[in-house]
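**Q** Make the full structure from the sequences, and use the hints.
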Amino acid sequence: KQEVTQIPAALSVPEGENLVLNCSFTDSAIYNLQWFRQDPGKGLTSLLLIQSSQREQTSGRLNASLDKSSGRSTLYIAASQPGDSATYLCAVRGSGGGADGLTFGKGTHLIIQP
Amino acid sequence: GAVVSQHPSWVICKSGTSVKIECRSLDFQATTMFWYRQFPKQSLMLMATSNEGSKATYEQGVEKDKFLINHASLTLSTLTVTSAHPEDSSFYICSARRDPTDNQPQHFGDGTRLSIL
Chain A
1 KQEVTQIPAA LSVPEGENLV LNCSFTDSAI YNLQWFRQDP GKGLTSLLLI
51 QSSQREQTSG RLNASLDKSS GRSTLYIAAS QPGDSATYLC AVRGSGGGAD
101 GLTFGKGTHL IIQP
Chain B
1001 GAVVSQHPSW VICKSGTSVK IECRSLDFQA TTMFWYRQFP KQSLMLMATS
1051 NEGSKATYEQ GVEKDKFLIN HASLTLSTLT VTSAHPEDSS FYICSARRDP
1101 TDNQPQHFGD GTRLSIL
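Residue numbers (this note's numbering), protein chains in the order written: chain A, 1 to 114; chain B, 1001 to 1117.
I should point out that these hints are in silico values taken from the structure, not numbers from a laboratory. Please note: incorrect hints may appear among the correct ones.
As the list claims (entries may be wrong) - Residues of chain B placed beyond 10 Å of chain A at every Cβ, according to the derived structure: (1) Gln1006; (2) Pro1008; (3) Lys1020; (4) Met1045; (5) Thr1049; (6) Ala1072; (7) Thr1075; (8) Leu1076; (9) Asp1088; (10) Ser1089; (11) Pro1105; (12) Asp1110.
Unchecked claim - When the alpha-carbon atoms are kept at most 27 Å apart in a straight line, the in silico DSS-like pairs for lysine-lysine are as follows: (13) B:Lys1064 to B:Lys1020; (14) A:Lys1 to B:Lys1020; (15) B:Lys1041 to B:Lys1020; (16) B:Lys1066 to A:Lys106; (17) B:Lys1066 to A:Lys68; (18) A:Lys1 to B:Lys1041; (19) A:Lys106 to B:Lys1041.
Since the structure is predicted, the reported quantities are computational estimates derived from the model, not experimental observations. Cβ atoms here follow ideal geometry from the backbone N, Cα and C, with glycine treated the same way.
**A** Laid out in structure tokens, this is it:
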């Protein structure tokens, strides 16, 4: 059974810093990996999707990498801003079939101090 | 882009009440919809996979008679929490996928916060 772990569970940094969020998964047979943002009491906003054949994806100040063989992904946030404060979730989709749901980590709760 | 709409966003009701939550794909047809549940400070956990026109597939430990799922059309899936009790209080969220080969980012509804008194 796939398990997804995110480290750290919480992170508080001053505005302007670059930071890295980590995600690891136990079963490397994945279809893709997706990073989401969740604001308190809200739904999920998709940030980046990395296909199993890709190594990284970039969107603005965000860069996500994937090392499928070692079961790891990182989300790099450049020049952090207070508006980046949220919980960041990593989720993997298994390669076992088209109807696979996502397996989520518990998230990293990020606070960017003004 | 693809949009998933979920309704209602917040429900407060008495114990024993049945509650229906709707999940709609607004600009695409979804052969598969997924229902997740999130307890405070916990991760999202997949409850069931709903395929249009067929019975839902439930994850281990999820009572199918408690959580009734209907996916009668390609744009609508409903989750009914029957005879809800305080332990069913949680954040329920759905997502939709066009078809099994869809490799696009999966989009989610805004979720439904269910509070059972």
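**Q** A separate judgement is required for each hint: does it hold in the structure or not?
**A** Structure-based check of all given hints:
1. Gln1006: The claim is violated: B:Gln1006 sits with its nearest Cβ about 7 Å from chain A, within 10 Å.
2. Pro1008: Label holds. Min Cβ-Cβ 13 Å, cutoff 10 Å.
3. Lys1020: holds (18 Å)
4. Met1045: violated (8 Å)
5. Thr1049: violated (5 Å)
6. Ala1072: holds (18 Å)
7. Thr1075: Its Cβ never comes within 10 Å of chain A, the nearest being 18 Å, so this holds.
8. Leu1076: Given a closest Cβ separation of 18 Å, the condition holds.
9. Asp1088: holds (18 Å)
10. Ser1089: Non-interface label stands for B:Ser1089: nearest chain A Cβ at 14 Å, farther than 10 Å.
11. Pro1105: violated (4 Å)
12. Asp1110: With a cut-off of 10 Å, B:Asp1110 comes too close to chain A, as the shortest Cβ separation is near 4 Å.
13. B:Lys1064 to B:Lys1020: holds (14 Å)
14. A:Lys1 to B:Lys1020: Outside the cut-off at roughly 30 Å; violated.
15. B:Lys1041 to B:Lys1020: Cα-Cα ~24 Å, so holds.
16. B:Lys1066 to A:Lys106: holds (25 Å)
17. B:Lys1066 to A:Lys68: violated (37 Å)
18. A:Lys1 to B:Lys1041: holds (22 Å)
19. A:Lys106 to B:Lys1041: holds (8 Å)
Violation of the numbered hints given earlier is confined to hints 1, 4, 5, 11, 12, 14 and 17; the remaining hints are satisfied by the structure.
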